[in-house]
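So the sequences go chain by chain: A and B.
Sequential numbering of the first sequence, starting at 1, is according to this note's numbering.
Sequential numbering of the second sequence, starting at 1, is according to this note's numbering.
Read the hints as simulated data drawn from the structure, not as lab findings.
Watch out, some of these pointers could steer you wrong.
Because identical chains cannot be distinguished in the list, a pair is counted as satisfied if it fits within a single copy or across any two copies.
[What the hints assert, rightly or not] With a straight-line cut-off of 30 Å between C-alpha atoms, the simulated DSS-like cross-links for lysine-lysine are:
no.: 1; residue 1: 66; residue 2: 9
no.: 2; residue 1: 66; residue 2: 10
no.: 3; residue 1: 58; residue 2: 21
no.: 4; residue 1: 106; residue 2: 10
no.: 5; residue 1: 87; residue 2: 62
no.: 6; residue 1: 106; residue 2: 95
no.: 7; residue 1: 106; residue 2: 87
no.: 8; residue 1: 93; residue 2: 9
These numbers come from a predicted model, not from an experiment.
Number of protein chains: 2
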Amino acid sequence: MTLIDLSLKKTCDHFQGFRGKFINSEKSTIIFWEAEAGAIVPEHSHPHEQISEVTEGKFELKVGNKTTILKSGLVIIIPPNTTHSGKALTSCKIKDIFCPVREDYKEFS
Amino acid sequence: MTLIDLSLKKTCDHFQGFRGKFINSEKSTIIFWEAEAGAIVPEHSHPHEQISEVTEGKFELKVGNKTTILKSGLVIIIPPNTTHSGKALTSCKIKDIFCPVREDYKEFS
Chain A
1 MTLIDLSLKK TCDHFQGFRG KFINSEKSTI IFWEAEAGAI VPEHSHPHEQ
51 ISEVTEGKFE LKVGNKTTIL KSGLVIIIPP NTTHSGKALT SCKIKDIFCP
101 VREDYKEFS
Chain B
1 MTLIDLSLKK TCDHFQGFRG KFINSEKSTI IFWEAEAGAI VPEHSHPHEQ
51 ISEVTEGKFE LKVGNKTTIL KSGLVIIIPP NTTHSGKALT SCKIKDIFCP
101 VREDYKEFS
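Could you build all of it, start to finish, from the sequences and the hints given here?
If you want it as structure tokens, here you go:
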């Protein structure tokens with residue numbers, strides 16, 4: 001088993017305005033993000049399923065043509081290869097779970 | 001995409017003292033647990049990888065022969081087919097992520 005103390009884990013910059021703590025297991029990648037108000041995730045897609053939860057703040061997420069305001073208590077499942085983009089309406093804490101592992105993010109973990 | 005409002009999601013009993021909200025996607029199962037102080041998870045294992053996070057309270061988790069006290073800020077990765085058991089030392093909120101999907105839990109979602 002692997003125990004991760006998030007307080008000791010390095011924080012990596014990624015998209016401008018987003019700082020994340022990246023955990024890669026064998027089967028998934030989990031990222032604990034802190035986003036600044038106004039920070040933008042450009043439109044993109046990836047072959048990984050993504051499950052996102054905003055634990056603090058409000059985050060506007062566009063998936064395909066549908067826009068949703070994520071906040072605490074909401075969980076969203078974005079299927080693989082689905083275009084999405086977003087904007088932090090306030091400062092936010094966001095948790096993203098990707099399956100399978102984001103090989104392209106391994107450098108951050 | 002699928003948007004889940006946890007406040008509207010039914011809560012299911014499972015182990016005694018544990019009540020959970022179950023989310024099954026294509027690739028993973030996420031469970032938001034509320035545990036009563038003293039509640040026990042009997043020793044068990046499963047072929048799914050499990051990632052657990054205690055967001056409130058303290059939970060004693062034994063994985064193999066190693067015992068850890070989980071609390072906010074700690075994340076643990078339990079590899080597939082690894083025996084584990086636990087006890088809620090206080091009332092707790094726990095988030096479990098399983099990959100692949102827990103077919104045995106689909107009845108709860």
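Results for each hint:
1. 66 / 9: between (34 Å within a copy, 22 Å between copies)
2. 66 / 10: So residue 66 and residue 10 pass the 30 Å test across copies only (25 Å; inside, 34 Å).
3. 58 / 21: both (19 Å within a copy, 22 Å between copies)
4. 106 / 10: Close inside one copy (13 Å), not across copies (36 Å); limit 30 Å.
5. 87 / 62: within (9 Å within a copy, 40 Å between copies)
6. 106 / 95: both (17 Å within a copy, 23 Å between copies)
7. 106 / 87: Cα proximity of residue 106 and residue 87: one copy only (24 Å, versus 33 Å across).
8. 93 / 9: Close inside one copy (16 Å) and across copies (22 Å); limit 30 Å.
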